[in-house]
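There are 2 protein chains.
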Amino acid sequence: MNIEIWSIGKENDKFIDDGVRHYFKKTQPWNPVTLVTMQLPKKLATTDITRTKQQEEEMLLKKLQPHHYLILMDEKGKLLTSEQWAQNIQQCMNMGTKTLVLLIGGAYGVSDTIKAKANQCWSLSKLVFPHQLVRLILAEQVYRSFSILNNSPYHHS
Amino acid sequence: MNIEIWSIGKENDKFIDDGVRHYFKKTQPWNPVTLVTMQLPKKLATTDITRTKQQEEEMLLKKLQPHHYLILMDEKGKLLTSEQWAQNIQQCMNMGTKTLVLLIGGAYGVSDTIKAKANQCWSLSKLVFPHQLVRLILAEQVYRSFSILNNSPYHHS
Numbered sequence: 082m083n084i085e086i087w088s089i090g091k092e093n094d095k096f097i098d099d100g101v102r103h104y105f106k107k108t109q110p111w112n113p114v115t116l117v118t119m120q121l122p123k124k125l126a127t128t129d130i131t132r133t134k135q136q137e138e139e140m141l142l143k144k145l146q147p148h149h150y151l152i153l154m155d156e157k158g159k160l161l162t163s164e165q166w167a168q169n170i171q172q173c174m175n176m177g178t179k180t181l182v183l184l185i186g187g188a189y190g191v192s193d194t195i196k197a198k199a200n201q202c203w204s205l206s207k208l209v210f211p212h213q214l215v216r217l218i219l220a221e222q223v224y225r226s227f228s229i230l231n232n233s234p235y236h237h238s
Numbered sequence: 082m083n084i085e086i087w088s089i090g091k092e093n094d095k096f097i098d099d100g101v102r103h104y105f106k107k108t109q110p111w112n113p114v115t116l117v118t119m120q121l122p123k124k125l126a127t128t129d130i131t132r133t134k135q136q137e138e139e140m141l142l143k144k145l146q147p148h149h150y151l152i153l154m155d156e157k158g159k160l161l162t163s164e165q166w167a168q169n170i171q172q173c174m175n176m177g178t179k180t181l182v183l184l185i186g187g188a189y190g191v192s193d194t195i196k197a198k199a200n201q202c203w204s205l206s207k208l209v210f211p212h213q214l215v216r217l218i219l220a221e222q223v224y225r226s227f228s229i230l231n232n233s234p235y236h237h238s
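Heads up: the protein sequence lines correspond to chains A and B, in order.
Plus 81 on top of the position in the first sequence (first one is 1) and you've got this note's numbering.
Plus 81 on top of the position in the second sequence (first one is 1) and you've got this note's numbering.
Each hint should be verified, as a subset may be incorrect.
Since the list gives no way to pick one copy over another, a pair counts as held whenever it fits inside one copy or between any two copies.
What the hints assert, rightly or not - With a straight-line cut-off of 25 angstroms between C-alpha atoms, the simulated BS3-like cross-links for lysine-lysine are:
| no. | residue 1 | residue 2 |
| --- | --- | --- |
| 1 | K134 | K179 |
| 2 | K143 | K91 |
| 3 | K207 | K107 |
| 4 | K91 | K106 |
| 5 | K143 | K207 |
| 6 | K198 | K143 |
| 7 | K95 | K106 |
| 8 | K207 | K144 |
| 9 | K207 | K159 |
Source of the hints: derived by calculation from the structure; they are not laboratory data.
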């Protein structure tokens, strides 16, 4: 199963990039994970929040394929434990999912249309984190999930 | 008020170190924050969990001073929002706290004696994160707290 972390917003700062690579490399022997960052073309940039969300929606709809299983990361989503993350990833594999997409919305969240398309909606915390840090946290948590599924000593709860 | 993040365990990987510095630098104009990493001397290293927790307790008790306001980061702690973090930090300042300590325990948590000494106990998430990543998350969240208290546009919830 391919796992893709989709994130709207600018490229990573170096320390985030280094950290994401660090965890992807550790996960690679078990499962490939990639980060896909998406930015609106500069000519579409606007300070109008509604318009921005709409444009991000169009960008995402063009990218979403029927073989994607979409998990939206959202502050209002379900607060899962690391073990539950692992179980959910296992279930996706059991269902024969081709590509699991973990979507981090833009600065103002995603549109209702995208929310409706999501198969699940998860929250990392009641705290607000910057989008770049969320990418790093997801990279680590995917690695942790596979550690749990493979009984690796990395995770001891 | 001094803010110190205390963390038991080895020194940071470079990407964590870079990230922690990044946020400390941004927080500096408002309030100083430092990271204090603590390791048991090698001669005390053991695979006995109870013994390790006891030795870490001794190390922490030697370091704790009456002017410290101790907040323990623990999976079983309170799940606060970023706004509640900011309010709590403000309250610490209002009480005239000299040094606020955010303590990340060792790999197996802290002893009951240390738990009893903590003024508050907070949890970041229901997920388990590695200790190094917790340092980075704390550095960001302290910066976010001061952004909230200073009405900086960094935080928009």
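Outcome of the hint check:
1. K134 <-> K179: neither (27 angstroms within a copy, 44 angstroms between copies)
2. K143 <-> K91: within (19 angstroms within a copy, 45 angstroms between copies)
3. K207 <-> K107: Between. Shortest inter-copy distance 23 angstroms satisfies the 25 angstroms Cα cut-off; intra-copy 28 angstroms does not.
4. K91 <-> K106: both (22 angstroms within a copy, 21 angstroms between copies)
5. K143 <-> K207: neither (31 angstroms within a copy, 34 angstroms between copies)
6. K198 <-> K143: This pair counts as within: shortest intra-copy Cα distance 13 angstroms, inter-copy 55 angstroms.
7. K95 <-> K106: Close inside one copy (16 angstroms) and across copies (16 angstroms); limit 25 angstroms.
8. K207 <-> K144: neither (29 angstroms within a copy, 31 angstroms between copies)
9. K207 <-> K159: both (10 angstroms within a copy, 10 angstroms between copies)
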